[in-house]
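Once you have looked at the hints, place chain B on chain A.
Protein sequence lines, in the order shown, are assigned to chains A and B. Per our numbering, the very first residue in the first sequence carries number 1; after that it's consecutive. Per our numbering, the very first residue in the second sequence carries number 1; after that it's consecutive.
Source of the hints: derived by calculation from the structure; they are not laboratory data. These numbers were taken from a predicted model, which means no experiment stands behind them.
Covered by chain A, according to a simulated footprint, are these stretches of chain B (three or more residues, beta-carbon under 8 Å): (1) 59-72; (2) 95-106; (3) 118-125.
Calculated cross-link-like contacts (lysine to any residue; reagent style SDA-like; alpha-carbon spacing at most 20 Å): (4) K68/B x A392/A; (5) K68/B x L389/A; (6) K68/B x D309/A; (7) K64/A x D239/A; (8) K68/B x R388/A; (9) K68/B x E393/A; (10) K68/B x E390/A; (11) K318/A x P108/B.
Think of the CB as a built atom: it goes at the ideal place given N, C-alpha and C, for glycine as much as any other residue.
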Amino acid sequence: MSVLDRKLLRDLRRSRGLLTAITSIMAVGAACYVALGFAYRNLSSAKDRYYADCRMADFSIEVKKVPLAELAAIERLPGVVEVRPRIQFFATVDIERVAEPLNGIVLSLPDRREPTINDVLLSREGYFTDTRDNEVIVNEKFARHHGLAPGHWIHLILNNRRQELFIVGTAVSSEFTYLVGPGSIMPDPEHLGVFYLKHSYAEDVFDFDGACNQVLGRLAPNIRDRPEETMRRAELLLDSFGVLTTVPLDQQPSNRFLSNEISGLRAFGVIDPLIFLSVAALVLNVLMTRLAEQQRVIVGTLKALGYRDRQIFGHFLKFGLAVGVLSGITGGVLGYWISFAMNGLYRKFFEFPTLANRFYLDIFVEGLLVSLACSLIGSVHGARAVLRLEPAEAMRPKPPAQGGAIWIERFKRFWQSLSFAGRMTLRNLVRHRFRTAAGVFAAAMGAGMAVNALMLVEATSFLVDFQFYEVQRSDIDLTFKDERSAAALTEARQLPGVDRAEPVLNVGCTFVNGSHTYKSGITGMAADARLTVPRDLARRPLRIPDVGLVMSRKLAQILHLERGEFVEVRPTKGLREARRVPVAEITDSYVGLTVYADIDYLSRLVHEELAVSGVQLAIDPRRETVSSLNRELKRLPALQSVSSRADTVANVQETLIKNQRVFIGLLCLFAGVIFFGSVLNSSLVGLAEREREVSTLRVLGYSEWQVGNLFLRESLLVNTVGTLAGMPLGYLLNWGITVAYDTDLFRIPVVDPQQSCVATFVLGTVFALLAHAFVQRAIFRMDWLEAMKTRE
Amino acid sequence: MDSRQRRAGPPPLLHLDGVGKTYVMGEVAVEVLRNVSVEIETAEILAILGPSGSGKSTLLNLIGGLDKPTTGSVWYRDQDLSRLSSRELTFYRRDTVGFVFQFYNLVPNLTARENVLVSTEISRHPLDVDESLTLVGLTDRADHFPSQMSGGEQQRVAIARALAKNPELLLCDEPTGALDFETGKRVLRLLVEVRQKLSKTVLIITHNSAIAQVADRVIRLRSGEIVETTENAQPVAPEEIVW
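Excised from the complex, chain A in its bound form (with noise of 0.2 Å):
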């Protein structure tokens, strides 16, 4: 090793509380670049594994009821390589442990194992047998939550009838990765499962012999990226049955969820690397460049004893990529445990065959050529000044700075108003000003972290209040199988329990305005509702008009309408007459895109009588009567799904929320580390220079404390100042978030974003502050009387 190397070594020792700082801070960028590059990693190669293995569909389409025989017709269409019908229904299923009825997604498979479309992978015990009709297999997180194994009997209303089946084994599809049940945005396993029966068997209990409900395809790959003209020439051949939904894959719920999640790592797997890393590099430059200054005499020297501008600017780059280094390695080691406790996350939200969280050596060799890249960017800057150093001039004293009097100094009024201290503060400032700017910098992009951390949080938060207490109000809330009559309502009112039942219409419909149409539907209310009630953004309350749609803002955007303008409505059911509409007002609502009516209304407009497909309960909370209820409900027949608002928010509660927590938490830390690392660096460094003022200052008489107070000012203005310029970018940073995440599924609130601000100046103060111990503590350990003696 050559001595200048063992300099080298010793320096990064000596400097190991302003090196701790900068590699805090790169670290966590190159943690973040790894942790996310390997959580995306892991989830894409495990989607394309899964929808291979299970012979993902390209599409569905949902039908009443469509012999087999016109299948063929679909299978002929150029572009479509295979088809398969399903029979798939919705059921309530029973476990007698579990006081209310649960939800299940029933659908067929072929009898015997065969490759099929949206194929199944068996992960306890096996496939049907020949053994009986009436065997099952379960989804196997809903099974692992209700502890239920192959051998076990289980029973569903299968077609107004309770159906005991028999559980031959549990499996996953790739179909339900994201298992969430219509209308909802979280997977919730313990309230709903998926059941795959027999075909042979299904068509039994369902009637639908010869028939299917369900229209699986495959499609060859040149045309998978455009499917719209295959799509529509399929929905023609099934028109006269009866069409309900048509599903590219692409707007399948779970490869959407699925999707937008990996879209989003590696977005965030590219922003959030370069907000650390590049305030790292400036923070890095604020180090160099007083190192530079700092070893002017040593640089003179060795220059004078011959040694070449090469050799030393290689000398100092060393120094910044010997940071790169350590950040590299420590960034990529924290990323990986980062990306395990990703990847159980995910494991939480997803359902895979198996999701490892592998180590990439590629992605790990990446981070830490990034950190390294930033490092040297950071480094070049001061290690330069050092070349510019003429030896005979390095090895003279530093000429003492700048002095004068800075532009503030011209506010005469406000200037005099300044303490000494203010004063010298302000001066420093200003004459340092790109350290001060970098400071301003770093606190800036750590603010901006922190506000759009806090303000996803206090999102979900409200968006949690406005759709489950302010929108949704009602307790239970029943959906039949089929439309029931308006005695229905009055068999739920007479329902143990409940205090009020308002009915509910859906009819499935495509929206048309000109060139824009949708395929949604309408949901049909009671013009007294209080079970639910459409609001706008200020969460006034939206009557339901007489006449009229009330259109959630999304789907108005979509259509490109505007209030009291006319939609063509085609309802699925009914005559299935094509009507115009006014849209009377328009709602906010954040899942979904829900479109409201009076049901009265609803009804004519499919020429109809009054019919509910489902109603809405308040009920009494007490336990003894939801337990009645629950066991009531078990034993309706008619009912096709069952949701309880307590159990939904409790799930977002435990999933989201808690997780969500976890991580703006984990994000909030991250923002400190630069609020930390950017103020003790620049304190630090500043203590270094200033060591003979500091000295003085003690000479005539100060504390360490009236001393460290000069640089808690600096600190604490910087910081300030930055925070403040931050804040603005933090709100900017989140509503892309929210823009980017705006969907047809979900969107995100933007939020006031006061208690976010307010949070984080309270945070970034705390870590300056965290921050500012250290410098004290090297005020109080410093020998200013050595200071003294020693020449500049």
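Only chain B this time, still in chain A's reference frame:
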């Protein structure tokens, strides 16, 4: 015709011809050296004496290849230093000159031996590191850091560092300036020995006229000009001088 061509016989080791140096600081031009001409022979001890601000250090920097003159030229043998590129000057410093500074300029986080290594690692014909340390009498302090050594010891390390490169020319800028009387004399003794044992040319810059007594020749500078050159027929032994 320049003065070099007027001489007969081999050229001197160093030859300064009408050297001037002006520093421009902002709007002010400061003339630090004015028309300095001097010749320096091999194995000579030359003292450059003058009060602070007289231009001594500037002169040393020009001779050491750390700086270039504004007017005139500095010749090392038949090489005009003022015409060398910065790269060539680096090689000149590396191979020909050894510097000893008033404040030693040791690298604080390297030991005595390592500080000497800094010099030998880039030299073409270095002396043995231990030999250099023996020469300055610091064998037993080789593994100490500068902060663990006295000023005299540090200056001896600096001299060992300068000598270890085996240079022809030793340039000492106030080598005793930061030392006490006794230690200063010991350092001077060392410099005299260097000339005697190794036949090096030694240039000592000082403001202390007593120290100049050890030199073979003394040049007095004032306000950037040579005001007097004296030959010491009988240089005084370092032990005998008093200040």
